[in-house]
Amino acid sequence: MEDALVLKDVCKVYGDREAVRNLSFSVQPGKIFGLIGPNGAGKTTTLRMICTILRVTSGTIEVCGHNVMKEGALVRKDISYLPEDAGAYKELTGRTYLKFMARFFSPEKDFDGMMARGLHIANLGDRIDSKVSTYSKGMMRRLLIARAIMPEPKVAIMDEITSGLDVMNAYEIRELVRQIAQAGVTVLISSHNMFEVESLCDRVGMINHGELVLCGTPAELKEQFAARNLEEVFIKAVKA
Amino acid sequence: MSALTNIVSKELRELLTPGTILSVVVVVVMLGILGTALSGEVESTATPSDIGIVYDDTGMYSEQMQDDLAYGYAAVYGTTTDAATDHMIYLTVAETDSDAILQAITDRGLAYVIVIPSALSANIAVEQTTSASVYYIYENSGLFDDVSSSAANSVVYYAANQLSQQLTGEITGEAAAAFLAAPLAASGGTYTQINGTLYSDIAPSTISTSMMSQTLMVPLIVMIVIIMVGSVVISSMGSEKENKTLETLLTVPIRRTTIVTGKLLAAAICGLIYGIAYMIGMLLYMRGLTTATTLDGTADLAAFGLTMTGTDWILLMVLLFLAIFAALGICMILGAFTKNYKMAQTMIMPVSILAIIPMFVFMFMSWDGLGTVGQALMFLIPFTHPMMAMNNLIFGNYTLIAAGAAYLVVFDVIMIWLTVRIYNSDILITGIDQTKTARTLKRLFGKKKHHDDEQ
Chain F
-10 MEDALVLKDV CKVYGDREAV RNLSFSVQPG KIFGLIGPNG AGKTTTLRMI
40 CTILRVTSGT IEVCGHNVMK EGALVRKDIS YLPEDAGAYK ELTGRTYLKF
90 MARFFSPEKD FDGMMARGLH IANLGDRIDS KVSTYSKGMM RRLLIARAIM
140 PEPKVAIMDE ITSGLDVMNA YEIRELVRQI AQAGVTVLIS SHNMFEVESL
190 CDRVGMINHG ELVLCGTPAE LKEQFAARNL EEVFIKAVKA
Chain H
341 MSALTNIVSK ELRELLTPGT ILSVVVVVVM LGILGTALSG EVESTATPSD
391 IGIVYDDTGM YSEQMQDDLA YGYAAVYGTT TDAATDHMIY LTVAETDSDA
441 ILQAITDRGL AYVIVIPSAL SANIAVEQTT SASVYYIYEN SGLFDDVSSS
491 AANSVVYYAA NQLSQQLTGE ITGEAAAAFL AAPLAASGGT YTQINGTLYS
541 DIAPSTISTS MMSQTLMVPL IVMIVIIMVG SVVISSMGSE KENKTLETLL
591 TVPIRRTTIV TGKLLAAAIC GLIYGIAYMI GMLLYMRGLT TATTLDGTAD
641 LAAFGLTMTG TDWILLMVLL FLAIFAALGI CMILGAFTKN YKMAQTMIMP
691 VSILAIIPMF VFMFMSWDGL GTVGQALMFL IPFTHPMMAM NNLIFGNYTL
741 IAAGAAYLVV FDVIMIWLTV RIYNSDILIT GIDQTKTART LKRLFGKKKH
791 HDDEQ
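In order, the protein sequences belong to chains F and H. Start counting the first sequence at -10; every next residue gets the next number (the numbering used here). Start counting the second sequence at 341; every next residue gets the next number (the numbering used here).
Some clues are possibly wrong.
SDA-like cross-link-like pairs, simulated, lysine to any residue; straight-line CA separation at most 25 angstroms [unchecked claim]: (1) H:LYS679 with F:GLU187; (2) F:LYS228 with F:ARG6; (3) H:LYS679 with F:ILE162; (4) H:LYS584 with F:VAL202; (5) H:LYS679 with F:LYS20; (6) F:LYS120 with F:ASN158; (7) F:LYS20 with F:VAL202; (8) H:LYS584 with F:ILE162; (9) H:LYS584 with F:LYS228; (10) F:LYS79 with H:SER575; (11) H:LYS584 with H:MET648; (12) F:LYS79 with F:GLY114.
I should point out that these hints are in silico values taken from the structure, not numbers from a laboratory.
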């Protein structure tokens, strides 16, 4: 089966500094891939290049067979991106925000179907008709995940999905990610939460100083570093 | 360091950014330039200018009157009487031939023409006051353009005084005192040509005052609308970046041009609604003002053909819309460099400055009074065009209106093109900090700092 996401020798240069260096990895359809690494390692830059927000300096990125630099519009039809600490338009209600976003995918995708799915995933009850500015962090995150999932993207790219959430909200959102992957959506997440990555991801890639230093299943990585968990793997890899 | 000093120091570091300091410096420099330009305008209206005299008297007081007029000119303009003679051009036209007088004003570039009836000597002999008239051509309004109106009356007044002193002793009798009080008066009528038509009993100063009360409002409204709409757009960009809604928007399957055009159009429509609302307010204000001030001795401009037609109002709105679009284009570009809502608040400063400068200039000066360099600079500022449009439309200067509209269209297209280019580049997300030039400058002059993007 063709990989849903393929990065080959990807470089990103800011002025005279390389933020990402010869990055290569791939993700199979319906799998969850976790991108880990210290702050400033180049994770967000990588996600933004995949999402067509940043230009690739060299190398290629293909999403569902489409080159992000040459076929940006087609790539954007297949992906959904959830930035870290993202918000929504504060003057809109949760429902109007979902409607606003769903209209960009309509009529190619069924508007009513998207809305029904979005409302179900958000699961905000009556509060869906409250202004977004009144939402708690957990409610906001659920709304944004609903927005990201409702158009049924082929690839969902999520940056720090549970950052700052309480245990209950974080658990619910992780379950949601598992469900969408089971439904066939390819998921690429970036996270500092090693427990989350270990429990959620089929494969993990670690970036340090813009380079991919590790890649494999959590079990393989733990075995490679003789570590009890992914956190130990991370620390040993960074120190090495 | 005390807690208070610590807080003050931190607040000052946040408030006094290079951007805010630069904007303050620019305002100070611009006000200085404006002051210099204004002093030039005041000086130009007060400096001796050529005036015309129609006086064809062969009587015994003819030469004396000419000396008295030179004295009057010297007293008003602060020159010697010899210099005054050089500035006073005696015209050989009939005193009732208004066409020839107005032609002479145009041909010789005269500020005005004083007509002293040829019957002056004869009138003195019978102790009868002679009435002088003054002719003007009203071309444009500026705060200082009405100086010449009062100057003409003053020349006649000083000349009459001088004549009166010279006649004292010569003329005696019961009626002498009354006659000597005013052997000559500027009571023969004030004639002003406005837009090609000659009107009597109206001085340029009266027209100028009435014009100013109306045209002053347009620059003010344009400035308010541009700053308001610009502020909304930049703040919206700052807010979108802070909440990362822009990042989300950039990943939905639509063209970047659609995002740019959508944002611009919405803000421009919003700006036009503000503009129209303020214009309606201004019309109501003008109606009230006209009723109130006509009683006060100022002119009903409609009586002199100085009104805006329906087409003129449409043209003004078109220019306003194009200028708002230009402002929004600049704001979208500036907004691309903001990182958050707070930074966006200071980024509006360049647009505010560009709106305030022409507003001040056209409050005090006319287009014609700017000089070539001033005109070129003002023309380049896109917000100038709706600000001076009312004056130009009233006086039929459609060439300047058309040139302004064409410039604004070109300016707007360039702004949209630039905005789309920026929306397609990394700068929108990473800011200018990550460009090669910025990084080189930072390495040379600044501290090393990680960008928050590099996670």
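Quick rundown of the hints versus the structure:
1. H:LYS679 with F:GLU187: Violated, because 34 angstroms separates the two Cα atoms, which is more than 25 angstroms.
2. F:LYS228 with F:ARG6: At roughly 22 angstroms apart (the allowed maximum being 25 angstroms), ARG6 (chain F) and LYS228 (chain F) satisfy the hint.
3. H:LYS679 with F:ILE162: violated, 29 angstroms
4. H:LYS584 with F:VAL202: violated, 29 angstroms
5. H:LYS679 with F:LYS20: violated, 34 angstroms
6. F:LYS120 with F:ASN158: holds, 20 angstroms
7. F:LYS20 with F:VAL202: holds, 21 angstroms
8. H:LYS584 with F:ILE162: Since the Cα atoms of LYS584 (chain H) and ILE162 (chain F) sit roughly 20 angstroms apart, the hinted pair holds (cutoff 25 angstroms).
9. H:LYS584 with F:LYS228: Violated, at about 33 angstroms.
10. F:LYS79 with H:SER575: Given that 25 angstroms is the threshold and the Cα spacing comes to 13 angstroms, the pair holds.
11. H:LYS584 with H:MET648: violated, 47 angstroms
12. F:LYS79 with F:GLY114: Holds, at about 18 angstroms.
Of the numbered hints stated above, those contradicted by the structure are hints 1, 3, 4, 5, 9, 11, listed in ascending order.
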